[in-house]
Amino acid sequence: MAQAAMSPTGIDLSGNPRRRRKETLIRRVFQAAAVVSVVVSAAIVFSLVGRAGYFLAQVDLATLIAPSDGWFPRRGSFDVMTIFAGTLLVSGIGMLVAAPLGLGAAIYLSEYARPRVRRYLKPILEILAGVPSVVLGFFAITWITPQIVERIVPGAQFFNMAAAGIAVGILITPLVAAVAEDAFRSVPQSLREASYGMGARKRSTTLNVVVPAAVSGVVASLILALSRAIGETMIVAIASGATGGSAFTLDPAAPGQTMTAAMTALAIGSDQVRGTEGTFESLYFIGLLLFLITLALNVISDRFVRRVRQKY
Amino acid sequence: METVTTDSPRNVHIDMGARKPNARPSGEPVFEVADLAVYYGPFRAIRDVSMSIAQHQITALIGPSGCGKTTMLRCFNRMNDLIETARVEGSVRYHGADLYDKRVDPVEVRRRIGMVFQKPNPFPKSIYDNIAFGPKVAGFKGDLDDVVEESLQKAALWDEVRNRLKESAMGLSGGQQQRLCIARCIAVRPDVILMDEPCSALDPIATGRIEDLMQNLKDEFTIVVVTHNMQQAARVSDMTAFFTAEVNEEQDRRTGVLVEYDKTEQMFTNPSDERTENYVTGRFG
Amino acid sequence: MAIAAKGPRTSDVVAQQLRGRSTDVKGIIFQAALLFALLLSLLILLVLIADVARGGLGVFQERGGEFLRGRLTVVSPTTAGVGQGIVGSLLLLIFVVLMAFPVGVAAAIYLEEYASDTRFNRFIDVNIRNLAGVPSIVYGLLGLVIFVQVLAPLTGGKTVMAGGLTLAILVLPIVIITSMEALRAVPDSIREAGFGVGATRWEVIRSHVLPAAAPGILTGTVLSISRAIGETAPLLVVGATTGLLATGGRGFFESFREGYTALPVVVFRWTSLPNEDFRALTSAAIIVLLIMTLSANAIAIILRNRYERKW
Ligand SMILES: Nc1ncnc2c1ncn2[C@@H]1O[C@H](COP(=O)(O)OP(=O)(O)OP(=O)(O)O)[C@@H](O)[C@H]1O
Ligand SMILES: [Mg+2]
Numbered sequence: 230m231a232q233a234a235m236s237p238t239g240i241d242l243s244g245n246p247r248r249r250r251k252e253t254l255i256r257r258v259f260q261a262a263a264v265v266s267v268v269v270s271a272a273i274v275f276s277l278v279g280r281a282g283y284f285l286a287q288v289d290l291a292t293l294i295a296p297s298d299g300w301f302p303r304r305g306s307f308d309v310m311t312i313f314a315g316t317l318l319v320s321g322i323g324m325l326v327a328a329p330l331g332l333g334a335a336i337y338l339s340e341y342a343r344p345r346v347r348r349y350l351k352p353i354l355e356i357l358a359g360v361p362s363v364v365l366g367f368f369a370i371t372w373i374t375p376q377i378v379e380r381i382v383p384g385a386q387f388f389n390m391a392a393a394g395i396a397v398g399i400l401i402t403p404l405v406a407a408v409a410e411d412a413f414r415s416v417p418q419s420l421r422e423a424s425y426g427m428g429a430r431k432r433s434t435t436l437n438v439v440v441p442a443a444v445s446g447v448v449a450s451l452i453l454a455l456s457r458a459i460g461e462t463m464i465v466a467i468a469s470g471a472t473g474g475s476a477f478t479l480d481p482a483a484p485g486q487t488m489t490a491a492m493t494a495l496a497i498g499s500d501q502v503r504g505t506e507g508t509f510e511s512l513y514f515i516g517l518l519l520f521l522i523t524l525a526l527n528v529i530s531d532r533f534v535r536r537v538r539q540k541y
Numbered sequence: 333m334e335t336v337t338t339d340s341p342r343n344v345h346i347d348m349g350a351r352k353p354n355a356r357p358s359g360e361p362v363f364e365v366a367d368l369a370v371y372y373g374p375f376r377a378i379r380d381v382s383m384s385i386a387q388h389q390i391t392a393l394i395g396p397s398g399c400g401k402t403t404m405l406r407c408f409n410r411m412n413d414l415i416e417t418a419r420v421e422g423s424v425r426y427h428g429a430d431l432y433d434k435r436v437d438p439v440e441v442r443r444r445i446g447m448v449f450q451k452p453n454p455f456p457k458s459i460y461d462n463i464a465f466g467p468k469v470a471g472f473k474g475d476l477d478d479v480v481e482e483s484l485q486k487a488a489l490w491d492e493v494r495n496r497l498k499e500s501a502m503g504l505s506g507g508q509q510q511r512l513c514i515a516r517c518i519a520v521r522p523d524v525i526l527m528d529e530p531c532s533a534l535d536p537i538a539t540g541r542i543e544d545l546m547q548n549l550k551d552e553f554t555i556v557v558v559t560h561n562m563q564q565a566a567r568v569s570d571m572t573a574f575f576t577a578e579v580n581e582e583q584d585r586r587t588g589v590l591v592e593y594d595k596t597e598q599m600f601t602n603p604s605d606e607r608t609e610n611y612v613t614g615r616f617g
Numbered sequence: 010m011a012i013a014a015k016g017p018r019t020s021d022v023v024a025q026q027l028r029g030r031s032t033d034v035k036g037i038i039f040q041a042a043l044l045f046a047l048l049l050s051l052l053i054l055l056v057l058i059a060d061v062a063r064g065g066l067g068v069f070q071e072r073g074g075e076f077l078r079g080r081l082t083v084v085s086p087t088t089a090g091v092g093q094g095i096v097g098s099l100l101l102l103i104f105v106v107l108m109a110f111p112v113g114v115a116a117a118i119y120l121e122e123y124a125s126d127t128r129f130n131r132f133i134d135v136n137i138r139n140l141a142g143v144p145s146i147v148y149g150l151l152g153l154v155i156f157v158q159v160l161a162p163l164t165g166g167k168t169v170m171a172g173g174l175t176l177a178i179l180v181l182p183i184v185i186i187t188s189m190e191a192l193r194a195v196p197d198s199i200r201e202a203g204f205g206v207g208a209t210r211w212e213v214i215r216s217h218v219l220p221a222a223a224p225g226i227l228t229g230t231v232l233s234i235s236r237a238i239g240e241t242a243p244l245l246v247v248g249a250t251t252g253l254l255a256t257g258g259r260g261f262f263e264s265f266r267e268g269y270t271a272l273p274v275v276v277f278r279w280t281s282l283p284n285e286d287f288r289a290l291t292s293a294a295i296i297v298l299l300i301m302t303l304s305a306n307a308i309a310i311i312l313r314n315r316y317e318r319k320w
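Residue numbers (the working numbering), protein chains in the order written: chain R, 230 to 541; chain P, 333 to 617; chain W, 10 to 320.
I should point out that these hints are in silico values taken from the structure, not numbers from a laboratory. Even glycine gets a Cβ: it sits at the ideal position worked out from N, Cα and C. Incorrect hints may appear among the rest.
Claimed, not checked - Restraint ranges, calculated between C-beta atoms of paired labels, are given here:
#, chain 1, residue 1, chain 2, residue 2, range
1, W, N314, P, S397, 56 to 62 Å
2, R, R532, W, T32, 50 to 56 Å
3, W, T32, R, P417, 29 to 35 Å
4, W, I311, R, R247, 29 to 35 Å
5, R, Y425, P, G540, 42 to 48 Å
6, P, G540, W, Y316, 33 to 39 Å
7, P, K434, R, P344, 48 to 54 Å
8, W, G36, R, R532, 30 to 36 Å
9, W, L48, R, R380, 46 to 52 Å
10, R, G426, W, T32, 18 to 24 Å
11, W, L52, P, G503, 18 to 24 Å
12, P, E606, R, L254, 52 to 58 Å
13, W, D21, R, G426, 22 to 28 Å
14, P, G503, R, V346, 26 to 32 Å
As the list claims (entries may be wrong) - Just a sample of chain R residues kept apart from chain P, beta carbon distances all over 12 Å, derived:
#, residue
15, L242
16, G244
17, V274
18, L285
19, F301
20, G321
21, T478
Could you put the whole structure together from the sequences, leaning on the hints where they help?
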């Protein structure tokens, strides 16, 4: 066996060693690039966990859940429920806006629009997706609050969670539409034809065949959008008040603090006075919570996406 | 070497009929296959194949769909390495050298043993670049223009494309594309050309041209061709191997076996196995 | 449903029935509602642009190019401008393009072309998908700890370099995912053709797979550039407001280790000022920002439509 690469007739199949070495080297370089992503994840966890732990060691854990105190890091009141409530309220309003708009647009593009029409309509959503969130934040206070919120709730405050929620909804609409449209389009044509073959109309085919078949993708799009809404920062920091602190409130017409807005306030030090020990580190604590929540949502949404792929 | 050890004993005795010594082709063997089995994951696609393939002859692999012809063909130039789940057992010797030895570089193997695929697959580049790519990566130092012209001439395509070498290969007709793929293969001066149903995507006239071409190329190259078309096998080949798929009760899947391997004339006029006879006379498959 | 006997000719009756109920009202309403959902997005986009234009175009009429060169200031609206913001954003983009693009494409090539289906490689794949969903402000915290603090000797603290590296890491997953999709769209028959003439994997990738995937990869890169231009939150965390870009006198490379600001950060700073004059400036800055991001998005869309290839 020793000379197996060299045949009795003198044929050498071992190839060019330099070419082989180069190939191995290139492969290693690419592999290293892929491993960078793992390093990034490790760095995120490293950055968050240590300081969040330091924060938890500094504060009285009982104060973490005390809605009567609100979220006022400078005073040492770290009621997490306050900023959770704000986050849920804002992203909830966002979902109320984005779910019908995004899903409606997705169904139209996938089921009704002719290819040529689709080619021109779809970029609308893609352009909307390119609007930076800081711009939507500005839009929320200059247009959404006066033109929409104050008309529905006269006497709403200048900074309010409703306007922030609507702007967040606009931000995530393209995401809902894109993921859901993919799901609708991956429903095999044969299913639609089967329905038409039984004399069904377009509307009932869409509602009774296409949407149920793509339900996993629809759920995935909504969960993904919720995750994006929860992590959205600039809109809420601008429109619902990055004033540093907030009392517990569920009033959409009032300013309120979300997790991300609270983080921004801490980061840019609009809360200038140095608070108690660990005040700044609360930033990492919320960051860790935010990271875990969005991670969980992304994992769940990925499950649903995969279910669609498996089916078809 | 016994290759069935991983399977239940039930499979061992079914196939003995297929293992009778097959006729050896005359001439020096290019390939000697012994007890070959190929697995895709747990699924065994072919088993117990032993045959040898002679130099400067055209060997046809025929058999019903799914019997493992493509799988077999891809063993000859280690194309199976590219399929992650594929695993090869047994031995394939090329001029006496074990193709699956650890020290063998599959890239070098494919340089010597070229391949033409079922669907014409030119690179989306110019005709010239399609042909020049192989020699370039193989470190060819001479005049590429000459190689391009010579390869196209051998592939009987030169006259049709000599004035449009810089144009995209995607603009050629299907038959021209397939001849371009043959020219691309010839350009690296291989020893063997493997063809997997090279005419299945072509019309009868284009098919005829490729068959003629194969006859001309045979003086210079050893050709192994998979075909579904028995007339084609009968027309072009010197040797014919008939594969079929046997039901494997254990896995409820079908495993390919080599039923009979002989001179083409013999296979089509006086086959010794009943299954071959049924197949070539059109009663089965 | 039975065919009406006698009287009218059968063909008329059938034709009548084939036409169905004269109008499918519910169907039409349904379709109109869907179209409305889509067009509402367009309407919002138009209102947004109109709102910003109304507020900001006056600034350009009055001050023109001087606004584009002006400094970031929060006290004097008559001299404030976006000059430093634009320069800062462009400097940040250098890092995004030079770091995220090569690393991202290389990682995508590894995962699509080389990686076998091992547990570790699957982990990398899932990991990248999850990284794409991490909120941008969390990347800011990563940048604050790693680039501003741990690597301070290299970056110099809250500098362009720290901000640029943070943004590069932020868009890395997007570059990887879109590049992977572009590579996956290249048919295997092209790879087989390359291997079939005795090319190595890298030779096949370089000569055939990458050129075929290039438009898709480019589209993804342009999109990630658009994203990087608009990102604000992580830059606030890594300190884009604290320092101001020094002008003149210093070398190009030294400027990477200095304080900076970026266009979206300028927008944010001015937005939070109560002064009415700054409202107009904010709108004007947003116009500049939108021109940058939306034109990047438009380029990406055009690229994609032009090179959408059917194999
Ligand atoms: N990549 C693969 N992974 C798993 N199974 C495969 C793979 N390629 C082929 N097979 C299986 O191996 C068996 C033989 O396939 P192969 O393609 O070799 O048949 P064939 O004789 O070439 O058929 P055809 O005439 O239709 O081309 C089939 O059952 C097929 O399903
Ligand atoms: Mg085949």
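| For this structure, which hints from the list above don't hold up? | 1, 2, 4, 9, 11, 15 and 16
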